Amino acid sequence: MPAERTVAQLAQALRSREISAAAVCDQCLAAITRRNPSLNAFITVFADQAREQARRADDEIAAGRYRGPLHGVPVSLKDLIDVKGSPTTAASRVREGHVAAADAPVVTRLKEAGAVLIGKTNLHEFALGTTNEDSAFGPARHPLDPARSPGGSSGGSSASVLAGMAYASIGTDTGGSIRIPSAACGLVGLKPAIGEISTAGIVPLSSTLDHVGPLCRSVEDAAIVYDVLRGTTGENGAPETADGVRLGVLRGYFTAVLDTQVASAFEQACARLRDAGARLADAGIAHAGDIAPIYLHLVLSEAAVYHAKTLESRGDDYTPNVRQRLEMGRYILAEDYVRARRGRELLTTEVDAALAQCDALLLPTVPIPAHKIGVSTVRIGGSEESIRNVTLRLTQLFNVTGHPAITIPCGATPEGLPIGAQLVGHTGATTRLLAVARALEPYLGPGRSR
Amino acid sequence: MTIKTWLDNAVQDAERRGLPALRPLLESLAQAASALRTADWNADATDESHGAPTEPHAG
Chain A
0 MPAERTVAQL
10 AQALRSREIS
20 AAAVCDQCLA
30 AITRRNPSLN
40 AFITVFADQA
50 REQARRADDE
60 IAAGRYRGPL
70 HGVPVSLKDL
80 IDVKGSPTTA
90 ASRVREGHVA
100 AADAPVVTRL
110 KEAGAVLIGK
120 TNLHEFALGT
130 TNEDSAFGPA
140 RHPLDPARSP
150 GGSSGGSSAS
160 VLAGMAYASI
170 GTDTGGSIRI
180 PSAACGLVGL
190 KPAIGEISTA
200 GIVPLSSTLD
210 HVGPLCRSVE
220 DAAIVYDVLR
230 GTTGENGAPE
240 TADGVRLGVL
250 RGYFTAVLDT
260 QVASAFEQAC
270 ARLRDAGARL
280 ADAGIAHAGD
290 IAPIYLHLVL
300 SEAAVYHAKT
310 LESRGDDYTP
320 NVRQRLEMGR
330 YILAEDYVRA
340 RRGRELLTTE
350 VDAALAQCDA
360 LLLPTVPIPA
370 HKIGVSTVRI
380 GGSEESIRNV
390 TLRLTQLFNV
400 TGHPAITIPC
410 GATPEGLPIG
420 AQLVGHTGAT
430 TRLLAVARAL
440 EPYLGPGRSR
Chain B
0 MTIKTWLDNA
10 VQDAERRGLP
20 ALRPLLESLA
30 QAASALRTAD
40 WNADATDESH
50 GAPTEPHAG
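Chains A and B supply the protein sequences, listed in that same order. Using numbering that gives the first Met the number 0, read the first sequence as starting at 0 and increasing by one per residue. Using numbering that gives the first Met the number 0, read the second sequence as starting at 0 and increasing by one per residue.
Think of the hints as simulated: they come from the structure by calculation, not from any bench. Misleading hints may appear alongside valid ones.
Restraint-style ranges between C-beta atoms, simulated for each label pair [claimed, not checked]:
1. 39/B with 374/A: 49 to 55 angstroms
2. 47/B with 351/A: 22 to 28 angstroms
3. 2/B with 356/A: 36 to 42 angstroms
4. 281/A with 26/B: 33 to 39 angstroms
5. 27/B with 255/A: 15 to 21 angstroms
6. 20/B with 107/A: 38 to 44 angstroms
Treat the numbers as computed from the prediction; the structure is a model and nothing was measured. The beta-carbon is built from N, C-alpha and C at its ideal position, and this holds for glycine as well.
Produce the complete structure using the sequences and hints provided.
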């Protein structure tokens with residue numbers, strides 16, 4: 000895979016002119032030409048525009064006008080995000096003929112930072128799914144095993160970074176859609192705190208659960224992209240080493256349904272963190288059993304509002320599974336939606352309480368490694384679980400509560416499929432979470448540099 | 000409206016609209032709605048709390 004460098008490492012090479020942005024852009028475009036036919040990660044490739052942006056970046060850097068660590072760096076965008084003059088398909092036939100009239104604010108910030116926008120990536124149609132299988136453009140596939148899903152809904156984004164077709168990608172996360180594909184592909188994926196990054200110019204799934212953030216190769220890269228998307232520079236006041244970091248390890252519901260290899264990798268990661276001096280204590284969320292019904296009522300009700308008109312006029316243009324899930328939302332009663340809102344307040348106070356005595360919460364990201372495309376259930380601990388339910392199980396809570404969360408690779412199966420661990424930070428404190436994550440990152444995965 | 004009445008109506012409506020495949024999804028939604036309605040954090044008109052959010056439990 001060509002893009003073994005992180006954004007931070009590439010930025011140094013570009014700034015010192017050890018390598019040109021044009022050459023890096025060509026490498027990514029060559030990777031797209033070589034691998035996209037089998038991976039189906041991209042819906043649109045901006046080859047000409049990307050080469051022009053890269054050439055401009057080289058000229059500016061040569062002239063001493065260095066803009067920052069994304070200057071000249073190829074970045075892909077989930078195809079829910081508006082880029083002026085190009086289609087935003089949302090991986091749906093419902094969006095046929097659409098051309099964005101303006102850049103989304105996150106795209107404006109990427110352009111101002113000098114990023115090279117390499118293309119728009121495949122996704123689960125309208126982001127309503129965790130596998131990327133229901134797409135008008137066909138499924139995106141896992142770079143390590145094309146018979147498997149790269150996760151979703153930002154599956155084309157994760158595949159694009161892992162396969163070296165981009166150095167980072169911008170995804171969206173409504174129930175785990177940045178963290179699930181990042182974990183499946185061995186990447187770092189950040190869901191910032193709710194409301195920190197504008198979702199304007201992005202096709203919505205759920206008005207109160209949608210988040211925007213990066214998928215990339217390291218926590219440092221996540222911080223770089225986060226700062227650009229937010230338009231600020233991070234202020235790092237948190238610990239810089241693992242020694243003394245206080246972690247609440249979520250148990251009960253959060254470790255009750257885990258593939259044995261995921262459970263083993265997670266416990267080994269906990270042991271490495273203890274050895275490094277982190278202080279781990281078990282924690283729980285009393286009403287964790289209510290997370291799924293609360294999430295379901297919020298996400299489907301809010302999605303149904305956006306899709307009601309086209310479900311009536313163009314229902315057959317949706318993929319069947321996505322259409323059915325959207326139709327479910329149209330049957331939810333207002334009183335049950337309000338109950339879910341009340342449950343959301345309770346879960347938020349419970350996550351705050353669990354965080355009160357620690358720097359971050361720690362839990363696995365996804366209970367299973369990347370699964371085969373086409374399967375709808377998985378057997379865990381003697382019971383058959385729905386892929387959709389199980390993949391959302393550990394991530395959706397933090398969309399409901401809005402706490403920042405990040406997934407970091409913490410191991411792999413014997414077949415080499417990545418496994419992720421998730422850190423959750425205090426309300427509104429994404430920068431602090433990033434600092435904690437950066438301190439712990441070297442110890443979470445076996446064999447990572449220390 | 001009770002969950003049973005709601006489900007019966009929803010299934011009937013989905014079938015009328017040519018969406019019979021919705022039945023199992025509506026049944027799972029009924030289970031989820033039932034879980035919400037029976038959760039211990041719900042308030043009702045006899046509560047002392049008058050619907051104030053429940054205090055978080057330890058654990």
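Against the structure, the hints:
Residue 39/B and residue 374/A have their C-beta atoms about 36 angstroms apart, which leaves the hinted 49 to 55 angstroms range violated. Checked against the hint of 22 to 28 angstroms, the C-beta distance between residue 47/B and residue 351/A comes to roughly 24 angstroms, which is consistent with it. At roughly 39 angstroms, the beta-carbon separation of residue 2/B and residue 356/A lies within the given 36 to 42 angstroms, and the hint holds. Roughly 36 angstroms separates the CB atoms of residue 281/A and residue 26/B, a value that falls within the hinted 33 to 39 angstroms.
Between residue 27/B and residue 255/A the beta carbon distance is about 20 angstroms. The supplied range of 15 to 21 angstroms therefore holds. Separated by about 42 angstroms at the C-beta atoms, residue 20/B and residue 107/A satisfy the suggested range of 38 to 44 angstroms.
The structure fails hint 1 only (numbered hints given earlier).
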